Amino acid sequence: MTLAAGAPPIPAGLTHDDLRRIYYYLRLTRALETRLTNLYRQGKVIGGLYSSLGQEGESVASAFALERRDILSPLIRNLGSMLVKGARPVDVLRQYMAKAASPTAGREMNIHFNDLNLGYLGQISHLGDMVPVMAGIALSFRMRGEDRVGLVYVGDGATSTGTFHEGVNFAAVMRVPLVVMVEHNGYAYSTPTRRQAAVERLADKALAYGIPGITVDGNDVLAVYEVTKSAVERARSGGGVSLIEAVTYRRRGHAQHDDQRYQSPEEVARWETNDPVDRYLQRVTGAGWIGETDVAEIDAQVEVELDAAVADCEREPLPEPETALTGVFVRPATAPALWFRGLDG
Amino acid sequence: MAEVTYLEALRQGMWEEMVRDERVFLLGEDIGAYGGAFKVTDGFLERFGANRVVDTPISEAAIVGAAAGAAHMGLRPVAEMQFIDFISCAYDILTNYVATARYRAGLATPIVVRGPSGGYVRGGPFHSQMPEAAFFHTPGLKLVAPATVRDAKGLIKAAIRDDDPVIFFEHKFLYRRIKEDLPEGEDLITPIGEARVAREGHDLTVVTWSAMVWKTLEAADQLEREDGVSVEVIDLRTLVPMDTDAVMRSLRKTNRILIAHEDTRTGGIAGEIAARINEEAFEWLDAPIRRVTAHDTPLPYAPTLEDYVLPQASDVVAAARWLLAY
Ligand SMILES: Cc1ncc(C[n+]2csc(CCOP(=O)(O)OP(=O)(O)O)c2C)c(N)n1
Ligand SMILES: [Mg+2]
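Line order of the protein sequences matches chains A and B. Under my numbering, the first residue of the first sequence carries the number 1, and numbering increases by one thereafter. Under my numbering, the first residue of the second sequence carries the number 1, and numbering increases by one thereafter.
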């Protein structure tokens, strides 16, 4: 690896290695979604498929601003955040393909899964619900005097829910160590943000909760990192909740089935030229912080890893039917099979 | 006559009511410009305008609450839940405010809250629910669950015209899977509160509704073919108010009864039906009342798991054979 002589200093206290890792996660997110799209087209994804194309920068950079011990709660488009936290691509594939070995044993779909040791709490579909739950996680940090922070993601659309409001207000009043990341990606399904909220800047919602609100270019990886980092540090040092509005764009439809008829091709094309991964690469290679060979190595490494993950996952079985009955409660551990299943039909 | 799908029948029903009565309007998430997640309201914005086809923020409580307020003022709102699973976000407004409005305050609240319900579609725990029992227990809410194309149209029209709040459970598994010839230009209304005999028979009654009607009919065909028995299938169509008379009429003919629903067992509506039979028609029973329902778990995503948890036609066959042999 050779770095350009006289390269400018890397901002925000990041190291060369950090920059390489950030690139790795950006590439991994995008490449994993490409693989998923192919599997979807082959009919191997059981349910819907959601893409974060164009939003990977914000997911990866914000999660990168956390420490290992911190906990985040992602949304459907925060695959990158989960990967940074250590979620394995093979597990993401297993989830989408409903395999027995998936983290939820085939019970839940897509990235609805968690690993509290690694530091991510899976969402449920009901938008906004994770905000109060993450307020409680952050409350537990404060109660036990732990040096940990929570980060919760919500979409522009999800800011309209009652649970978002209750959760942010609760967290603000309790001054818990929580960062609320509002992903302003232009749409909630087909609904443009102007039909979702009457404020111009979603960051302005923070005012009403008595917490700082800041807007950041969500496609500028280093800017998102810096802004998140300072909100996280503020939370860690007892400063309470911050709200960040990351302005980005959802370049694909809500899910694979969506024809995006409500997004103009010009608008999508404009955002294609503002791609977070391209911009990051230009910045870090242009400044000489990462060499072209680093990039090529990471690209190749990602493909090798994903080849293995896809091959492993495709071989695996679906869950055994009877396993559906376990784990509703701790005790009893298994729900009874209903009477008619014991009969021969 | 024109052959239409269950989904198209719903569309037609709402469309006709909007043409007929200018007080009728729609509100919900992505229903206008996008035409709804399942395209039930495709084309409505173009025809009826943004004043009567209202795209809302993601705020189910506000959608239902606003519908109630507009209804008090004489309008006839039809609110869509993008998936019926999200009706839980409006549970407070529905059960506390809407359900009691007439009783405690004499307020007219003729709203319809409708949405895609039910499983068998690999939707996982939050896009497959059939939350009928959660509202069944609250006096003041009418509950409707059509199984056929004809009733999808007839009941949505009746629900819109009804003077009480109606929760309308559309089955998304049926949206594009079933087709039927419907008469054109005829005012097709299915009265709320009337069950339907979906299949005549004399050996056993199965009481059911929504998509389970189709599983039960499949089972009844198999039982006739293989066992030579004749099963009567009662499609309740409306859960509140319930046509208990239709159930008792059938039972007095067959003396054996099975209740089949897609929802989970504990606290499911079958329990209430069984209690009514026990109280009103015990002496007509030649066998215990039995239930075929989903298992008492959340609904899992994997096909193997979903198929196991949900009741299938083969379960109705097995249960029917048990009852007939009793
Ligand atoms: C309470 C609730 N209502 C409706 C939905 C259906 N729904 C799923 S995603 C979505 C749009 C979400 O938009 P946004 O919050 O902006 O996130 P994005 O998809 O843009 O990442 C809707 C309406 C839901 N999941 N939860
Ligand atoms: Mg959005």
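Simulated from the structure, these hints should not be mistaken for laboratory data. Worth double-checking, as some hints may not be accurate.
If you want the footprint, here are the derived chain A segments under chain B, 3+ residues with CB under 8 Å [to be verified]:
no.: 1; stretch: 25-31
no.: 2; stretch: 114-127
no.: 3; stretch: 192-206
no.: 4; stretch: 229-243
no.: 5; stretch: 264-277
no.: 6; stretch: 289-303
A few chain A residues that face chain B, going by a derived Cβ cut-off under 7 Å, partial list only [unchecked claim]:
no.: 7; residue: G47
no.: 8; residue: P321
no.: 9; residue: L343
Think about it this way: if two alpha-carbon atoms lie no more than 20 Å apart in a straight line, the pair counts; the simulated DMTMM-like pairs of lysine to aspartate or glutamate are [to be verified]:
no.: 10; chain 1: B; residue 1: K39; chain 2: B; residue 2: E17
no.: 11; chain 1: B; residue 1: K179; chain 2: B; residue 2: D42
no.: 12; chain 1: A; residue 1: K205; chain 2: A; residue 2: D129
no.: 13; chain 1: A; residue 1: K44; chain 2: A; residue 2: E316
no.: 14; chain 1: B; residue 1: K39; chain 2: B; residue 2: D55
no.: 15; chain 1: A; residue 1: K44; chain 2: B; residue 2: E3
no.: 16; chain 1: B; residue 1: K39; chain 2: A; residue 2: D258
no.: 17; chain 1: B; residue 1: K39; chain 2: B; residue 2: E3
no.: 18; chain 1: B; residue 1: K39; chain 2: A; residue 2: E166
Small disclaimer: the values here were computed from a predicted structure and weren't measured. Note that the Cβ used here is the ideal one computed from N, Cα and C, for glycine as well.
Are there hints from earlier that the structure breaks, and if so, what are their numbers? 1, 4, 5, 6, 15, 18
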